[in-house]
Structures are given as C-alpha cells and as structure tokens.
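Novice: If you want the building blocks of each chain, they are given just below.
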Amino acid sequence: MSSETLTRPRAEAPRVGGPGAKPRLRGQIASQAFLIIASVLWILPILFALYVAVRPYSDTRKYGYVSMPHHLTFQNFRDAWSQSDMAHFFWNSVLITVPAVVIVLALASGVAFVLVRVNVKVNVALLILFTAGNLLPQQVIITPLYRIYLKIPLPHFLADSGLMYNSIFGLIVVNVSFQLGFCVFVLSNYMRSIPGEMYEAALVDGAGLWTRFWRLTVPLCRPALAALATLLTTWIYNDFFWAITLMSSGDKRPVTSALANLQGQFVSNQNLIAAAAMIAAIPTLVVYLCLQRQFIAGLSLGSSKG
Amino acid sequence: MSATSQGRTPAAVSDKPEDSTSPARRRRRRLRTMTVRDRIVVAVLLGIPLLLDLAFVWFPAIGTVLLSFTKWNGVGSLHEKTCQPNMPSILNNGCWYGVQNYHQAATIYPEFWPAVRHNLLWLAVFVVIATPLGMLFAVLLDRGLRGTRVYQSLLFLPVMLSLALIGIIWEFVYSQNYGLINTVIGRNGNSNAIDWLGNPHLNLWAVLLEATWRQAGYVMILYLAGLKAVDPTLREAAMMDGANPWQTFWRVIFPVMKPINIVIMVVTVIESLRAFDLVYITNKGINGLELLSVLVTSNIVGETQRVGFGSALGVVLLVISLVPITIFLYQAFRREDTP
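Chain order of the listed sequences is A and B. So the first sequence is numbered by UniProt numbering: it starts at 1 and just counts up by one. So the second sequence is numbered by UniProt numbering: it starts at 1 and just counts up by one.
In isolation and in its complexed conformation, chain A is listed as follows (with noise of 0.2 Å):
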C-alpha cells in the first residue's frame, strides 16, 4: 500500500473502478495470506478437539494427543452418546430452548408493536427499561433470582421439584423475561420501518387492534423475526449461568451445563470428554451454518440502528 504499489503491474481488477483505484497486489496478498493464518489459528483448537475425539484412548494414552494417528473411530462419539445419557440432556435443552424463543417472540413483538404503533405516553421509558434489563450481567440479579426460585411454589404438571428453582419452567421464565430486552428493541426498531399508510389502510378497513398486529404487522416482521430467532436458539441452548445457579446438579440441567458434570465423570478419558463436546456443539453448528446469512443480517438488525 506504499508508493512502491504504483509501479506494480495490474494483475487483477480492482473491486472498485474510476481513477482513484490502484491496483494493490502486494495488499491483497498481505491480506490474504493474514487472513489464512488467521482462519487457521481459529479452526485449530476445535479441529484438535474433534482429532482427539476421533482416536481411541488407548492410542492417545500411548502416544500423547499430539501425535500421528494409528486408528480413527467413531467408538468414542458412541460410548459419549451411551455412557453419558447425552440423549436425555438434549431433550432437556430442547424442552428449555423451544418454548423458550417462541415464548420471547410472541411476547416481544406484541410490546413492540404497542410501543411503536399506539400511542402509549410512556413508550420510550419502557423501551428503555426493557432494554436496560438485557445489559445487566446475570450475576447483578441471580441474589434475588435465587431466592424468588425457591420461594415460588409450582404444581407438579409443572415441576416434579414442586418449586421454580430446579425446574426446566423456571429455566424458561428467567431466559423469557432476560431475552425480552433485546427482542423488543430489535423489532420495535423493524416494525417503526413499517410505513403508516398500511395502518391507516387497515383502519379504513376497520380492523381492530390485534387485526393490525397478528394480521399484519406479524407477518411484515418474518424476516426480523426469523434473524432473531436463530440468535436466541444459540445464545439460550448455550445458556450456562441460568442452568448451574438455578438447578441443583441434577438431571434436569441442559446439555451445555451438564457438560461441565461429564468432564468430572470422565475425568479419565479425554477422548470422551472431546467427543461429548463435539457433540453437544452440533445443534448450533447445524444452526449456524444453515442460517448464516440470516443470522449475520440478524446482527445487523441489532446493531446498525444502535
């Protein structure tokens, strides 16, 4: 990018033409190759862990981890499967994490759509207040969590613990109410991009208040809708705090936290420890990479307005 780039030959065309654009070949591969070595230095720690998942023990045990491989099995993503009841800990998080986001989306779009489209007095207070509460660390409000969770009792259809603490209930309620915050600033941003003819249409048609909303701003907002979705799924399956402060350790907890108990019961093997991890990380892998694009305008739903 110095002066010495003027004197280079042009090898390939320039992204952005007029007379300004010189070509940057010694730029371009200076950025290429940075951005190489970087994308290998961040697959490497996840493609370790997957090559140790996919030796046996008694290979690594002999040889170390860092070594040539002798055998490749899936011996060990069978037995982490098996051993560890990883099936019932995924069920767990699929019980928190559906209700979860589909809750936090019917419930945020409805507060957005009152705040943005009828006229309450106090609409920017309370999209303040819902906001805010998104950006409290956890640990400013689990005293008092804590305490309320094991105050509240729960009939048993709800909880076999009979209380909200250590029930999968109690693990929706505190991601719902905490997730709000976001979800509304996000979609009040989207739905105030709705133009007002279309209201003023719908009212001339004599739709009601919740024609307005379930009719026709729910529907305008599937995008939004969509983009947040995919981030709520990954950030309340990844969910840590909530699972090991609100559940006793017990069988309850979600995958991503029960972890945490595996690495004890298999202090032995890593090899298990690796593939149990390999596993638990799949649902938001498949997430990521099927819903990518939407996922990265999801983002920016969030933050251009910001």
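Warning: the hint list may mix true and false statements.
Claimed, not checked - Selected chain A positions facing chain B (in silico; Cβ < 8 Å):
{"#": "1", "residue": "S39"}
{"#": "2", "residue": "F48"}
{"#": "3", "residue": "G64"}
{"#": "4", "residue": "V66"}
{"#": "5", "residue": "V111"}
{"#": "6", "residue": "V124"}
{"#": "7", "residue": "I128"}
{"#": "8", "residue": "I141"}
{"#": "9", "residue": "V176"}
{"#": "10", "residue": "T245"}
{"#": "11", "residue": "Q263"}
The hints are simulated quantities; they were obtained by calculation from the structure and are not laboratory data. Treat the numbers as computed from the prediction; the structure is a model and nothing was measured. All C-beta atoms, glycine included, are put in the ideal place defined by N, C-alpha and C.
Guided by the hints, dock chain B onto chain A, whose structure is given.
Specialist: What follows is chain B alone, placed relative to chain A:
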C-alpha cells in the same frame, strides 16, 4: 436529552414520515379512541411481558441493592434491627448492616482486589487486542477478497460455541502433559511441563487467549454489519479525491461508523464484566482466575451463603456496568426523544 438531539435527527424524519403533516395528528387521535377490545389487547400485549420483566429482572436488581446493606446467611428472616458488633453471626443474622459489606469487601476480603484487577485486565485485553483484531478482520473481509465467505465462517465459528464448550476445547490445547502447546514446544515431560491453566501467574493469560479468540469474531461480525451499511459512494468520493485506502478508512469510513463503534464499545465492556463461564469451567474461577462475577456467585450459591456480602459485590458490578448501559441507551434512544 431532547434539547441536544433536536437539531440533528435527519434519520428520525425518514423513520416517521407521517409526523410532518396534520393527517398524522388525525390518525393519532383516531388511535387514541380505542374500543374496549383494543384496550384489552394493549393491556395483555404490554402487561404480561412487563410483569415478567419487572418480576424477574428489575425486582431482583433492586433486591440486590437492598440485600447488599444487610447481613444475611439466607436462612431465617430479614428484620430492621441494626447489626450488633461483636455478636455471633447466628444471632445477628438478617440485620441491617449499612455499608459494612462494601467496607469489608474493599478492606479485608482477599479476593476482591484481585478480582477487580482481573476484570480490568479482561477489559484491557478486549479493548487493546480483541476489538482491533476483530475490526481488522472485518475491514479485510469487506474488501471482497477471494475466499471471504470461508474466512468469515471460520473466524466467526467460536462465537457460535458456548463459552463452557470453549473452555473444554481449549483444555486440549493447554493440557499440562499432553496438550498441543507443551508438545509442540517440547515441554511435555513431567518435570518441565508448563501448567498453563493451573499456574496462577499464567492461567489468566491462557484464558484471556480463549476469550479473545471468541470476542474477535464477535466484534468482526458487528463491524462487518456496520461496514455493509456504509454508503459506497462515500468511499468512491474519497478515492476520487485521491485518498489512499488508509486515509479513506480513518478519515471517512471510521467517523461515519460512530454508532457501530459505540455498540462495539458497549459490547466490549459488558462482555468483560459478564465474563464467567470460561473461568468457571476451567477451575471454578479460583486460584488466579477470580472475577467479580465468580465472587458474587460463590457467595450466594453453594455452601458459604453470605447473601448480603455477595449482593454488595453484585452492586459493585451493577454500578460499573451502568456506565456502558447508559452510554448505549443515550446513543440508541436520543433520536426517538423528539416529539
């Protein structure tokens, strides 16, 4: 707030085109005359989430502040009596303690200042290393080089993994006897092995490397989203005026990215204050890895149960985090303050 934002809200105008003329007022009046059914809908749509947010976020937040002035072990009831000095804890339980918890934290609690230092160090590493690195990734990716999508996917991959999982994955890299690093540098014998995660002088740096590994990808994606929103004609105009890429970025692109820069700043501070999962999964957050978040947790959940004291630590965390939260809210909502 509104006075400062009056003059500079061109974006708000385009957001609300209906604000400019009288039909808007007419429409608003019509909205105000809601039917009973509409009122019920508003009450339900707003009421339930508001109740949840107040009950499970804001009430606990206020509760933490109140509890921080008490001495309580979590058993028995709270009362209004002031704590008696020199009385056994059991008899004093649940009393009003004033600022004693804060005083104790700052003076005699051995883990407090190390935890504050570690939090500051965490923040410093995020500000000095992770954020610029993420921005660099984003700027390079934004240039549309070959393979951009692959690089982007790989660099962003860690953000999709839970921090707990990241802790587990990196243990194979750091493991004392068989880990990747020690083997590569030839220190995997039992005598000269480096205990990356156990040595209190090293482990914070080791964990910070894991945190940076993830945070850089996070910053990258936020910044990339911001860069995509920059008007391309700005860049072309700068090029036309003879600016080189370096000048174009710092004089043109970076200033117009102010909103995203603030978001990243806020995310950086909040993520460094929230840090918990990595150190907890690595060694429960002790032995050189103390953080404020860990101290709060260990005081209120588990065996010790010093609820008042743990709450005081939580309030310290709250006060620090209110700074970036306020900045973010000011930035995000000043436009909407105009009538």
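Novice: Let me make sure I understand: some of the numbered hints might not hold for this structure. Which ones are they, in numerical order?
Specialist: Going through the list in order, the structure violates no hint and respects every one.
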